[in-house]
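Use these hints to put chain H onto chain D, whose structure you have.
Protein chains in written order, with our numbering: chain D, 1 to 51; chain H, 1001 to 1225.
Derived by calculation from the structure, the hints in this document are not laboratory data. On a predicted model such as this, the values are computed, not experimentally measured, just so you know. Heads up, the beta-carbon is just placed ideally off N, CA and C, and yes, glycines get one too. Be careful, since some hints might not be right.
Capping the alpha-carbon separation at 25 Å, the derived lysine to any residue pairs in SDA-like fashion look like this [to be verified]:
| # | chain 1 | residue 1 | chain 2 | residue 2 |
| --- | --- | --- | --- | --- |
| 1 | D | Lys51 | H | Arg1220 |
| 2 | D | Lys35 | H | Arg1139 |
| 3 | D | Lys35 | H | Gln1003 |
| 4 | H | Lys1004 | D | Ala26 |
| 5 | D | Lys42 | H | Ala1224 |
| 6 | D | Lys35 | H | Ala1217 |
| 7 | H | Lys1004 | H | Leu1053 |
| 8 | D | Lys35 | H | Trp1109 |
| 9 | D | Lys42 | H | His1223 |
| 10 | H | Lys1162 | H | Trp1109 |
| 11 | D | Lys42 | H | Gln1212 |
| 12 | H | Lys1069 | H | Ile1142 |
| 13 | D | Lys35 | H | Gln1212 |
| 14 | D | Lys42 | H | Glu1134 |
| 15 | D | Lys51 | H | Ala1217 |
| 16 | D | Lys35 | H | Asp1216 |
| 17 | H | Lys1162 | H | Leu1053 |
| 18 | D | Lys35 | H | Leu1113 |
| 19 | D | Lys35 | H | Arg1219 |
| 20 | D | Lys51 | H | Leu1225 |
| 21 | D | Lys35 | H | Trp1221 |
| 22 | D | Lys51 | H | Leu1218 |
| 23 | D | Lys35 | H | Ile1007 |
| 24 | D | Lys35 | H | Cys1010 |
| 25 | D | Lys35 | H | Thr1137 |
| 26 | H | Lys1069 | H | Leu1122 |
| 27 | D | Lys42 | H | Lys1069 |
| 28 | H | Lys1069 | H | Met1206 |
| 29 | H | Lys1004 | D | Glu31 |
| 30 | D | Lys42 | H | Glu1135 |
| 31 | H | Lys1004 | D | Arg30 |
Rough simulated footprint, nothing fancy, chain H against chain D, three-plus residues with beta-carbon under 8 Å [unchecked claim]:
| # | region |
| --- | --- |
| 32 | 2 to 10 |
| 33 | 13 to 19 |
| 34 | 23 to 35 |
| 35 | 43 to 49 |
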Amino acid sequence: MDTRNFTFMFYGFLAAWVILAAYVVALVRRENRLKRELENVKRMLEERARK
Amino acid sequence: MRQKLMIVLCGLAAALLARNLFVMLLRLPDEAAQGPIFRIIFFHVPAAWTAFLGFFAAMVASILCLVRKDLRYDAVAVAVTEVGLAFAAANLVTGMIWGRIIWGIWWTWDARLTSMLVCWLLYAGYLMLRHAVEEPTQRARIAAVMSIFAFVDVPIVFFSIKWWRTQHPQPVVWGGGSMDPAYWNMLFLNWAPLLALGIVLAMIRMRQEQQQREIDALRRWAHAL
Chain D
1 MDTRNFTFMF YGFLAAWVIL AAYVVALVRR ENRLKRELEN VKRMLEERAR K
Chain H
1001 MRQKLMIVLC GLAAALLARN LFVMLLRLPD EAAQGPIFRI IFFHVPAAWT AFLGFFAAMV
1061 ASILCLVRKD LRYDAVAVAV TEVGLAFAAA NLVTGMIWGR IIWGIWWTWD ARLTSMLVCW
1121 LLYAGYLMLR HAVEEPTQRA RIAAVMSIFA FVDVPIVFFS IKWWRTQHPQ PVVWGGGSMD
1181 PAYWNMLFLN WAPLLALGIV LAMIRMRQEQ QQREIDALRR WAHAL
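Chain D on its own, in the form it takes in the complex (with noise of 0.2 Å):
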């Protein structure tokens, strides 16, 4: 068997996996951004409403 050929069929699966998984990680990323933002919101409804 090629070799070559071989390891380039294993960085084509590899690639298609990454750009999913960098995708994911960003999900994961923006999750997290809209739960610090959620916080913030909050605490200035608090800060507002104590005011």
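Chain H alone, transformed into the frame defined by chain D:
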């Protein structure tokens, strides 16, 4: 309910993918002319189908957003576009890796490859455009028009191998290409987990978009107090 559906889809996708990888790598014989690299098709083609389905859904959601003036459709459009773009990137990169072995080059400005790259750039432009407009209603309207316009390229990508002489192989689903039934089955069987993953990712992204809108509304309310 939505959470349960996502868990079920993820579980099914993981199980099917594990089974497919086993069959793909250990059971299916190498393609006679191309060797092991041929197996890239099992990710390359389903990734394109998933991306196109996402872009189609984005176009439908964009039309509904313009007609009904409902921002929920805008959330659907952005979610499926983002997911479609990730799958389109996977399609382009796997195709380049296949081309390096079969054609001896990473890239050629052939009609199929170029139109697919243009498609990717159009949808990347759609996402960038959204960042440029602050006001949500105006952003939804402009983005919807852009999404409908970008979809014009999808049939061009699809039919490019019919309309022009290209280096890209003829389609295996319709037209001049042909494939062994075992490869055929694997192509569709591997589309299922990718599609399930795409649906889960789109659902997560849609929820995030709704959360963002709620946070923005709360912030406006807090400033108004």
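Checked hints:
no.: 1; hint: Lys51(D) x Arg1220(H); in the structure: holds (17 Å)
no.: 2; hint: Lys35(D) x Arg1139(H); in the structure: holds (23 Å)
no.: 3; hint: Lys35(D) x Gln1003(H); in the structure: holds (18 Å)
no.: 4; hint: Lys1004(H) x Ala26(D); in the structure: holds (22 Å)
no.: 5; hint: Lys42(D) x Ala1224(H); in the structure: holds (14 Å)
no.: 6; hint: Lys35(D) x Ala1217(H); in the structure: holds (15 Å)
no.: 7; hint: Lys1004(H) x Leu1053(H); in the structure: holds (23 Å)
no.: 8; hint: Lys35(D) x Trp1109(H); in the structure: violated (44 Å)
no.: 9; hint: Lys42(D) x His1223(H); in the structure: holds (12 Å)
no.: 10; hint: Lys1162(H) x Trp1109(H); in the structure: holds (16 Å)
no.: 11; hint: Lys42(D) x Gln1212(H); in the structure: holds (14 Å)
no.: 12; hint: Lys1069(H) x Ile1142(H); in the structure: holds (12 Å)
no.: 13; hint: Lys35(D) x Gln1212(H); in the structure: holds (10 Å)
no.: 14; hint: Lys42(D) x Glu1134(H); in the structure: holds (22 Å)
no.: 15; hint: Lys51(D) x Ala1217(H); in the structure: holds (20 Å)
no.: 16; hint: Lys35(D) x Asp1216(H); in the structure: holds (13 Å)
no.: 17; hint: Lys1162(H) x Leu1053(H); in the structure: holds (20 Å)
no.: 18; hint: Lys35(D) x Leu1113(H); in the structure: violated (40 Å)
no.: 19; hint: Lys35(D) x Arg1219(H); in the structure: holds (14 Å)
no.: 20; hint: Lys51(D) x Leu1225(H); in the structure: holds (10 Å)
no.: 21; hint: Lys35(D) x Trp1221(H); in the structure: holds (18 Å)
no.: 22; hint: Lys51(D) x Leu1218(H); in the structure: holds (17 Å)
no.: 23; hint: Lys35(D) x Ile1007(H); in the structure: holds (21 Å)
no.: 24; hint: Lys35(D) x Cys1010(H); in the structure: holds (23 Å)
no.: 25; hint: Lys35(D) x Thr1137(H); in the structure: holds (24 Å)
no.: 26; hint: Lys1069(H) x Leu1122(H); in the structure: holds (23 Å)
no.: 27; hint: Lys42(D) x Lys1069(H); in the structure: violated (29 Å)
no.: 28; hint: Lys1069(H) x Met1206(H); in the structure: holds (17 Å)
no.: 29; hint: Lys1004(H) x Glu31(D); in the structure: holds (19 Å)
no.: 30; hint: Lys42(D) x Glu1135(H); in the structure: holds (22 Å)
no.: 31; hint: Lys1004(H) x Arg30(D); in the structure: holds (21 Å)
no.: 32; hint: 2 to 10; in the structure: holds (count 6)
no.: 33; hint: 13 to 19; in the structure: holds (count 4)
no.: 34; hint: 23 to 35; in the structure: holds (count 6)
no.: 35; hint: 43 to 49; in the structure: holds (count 4)
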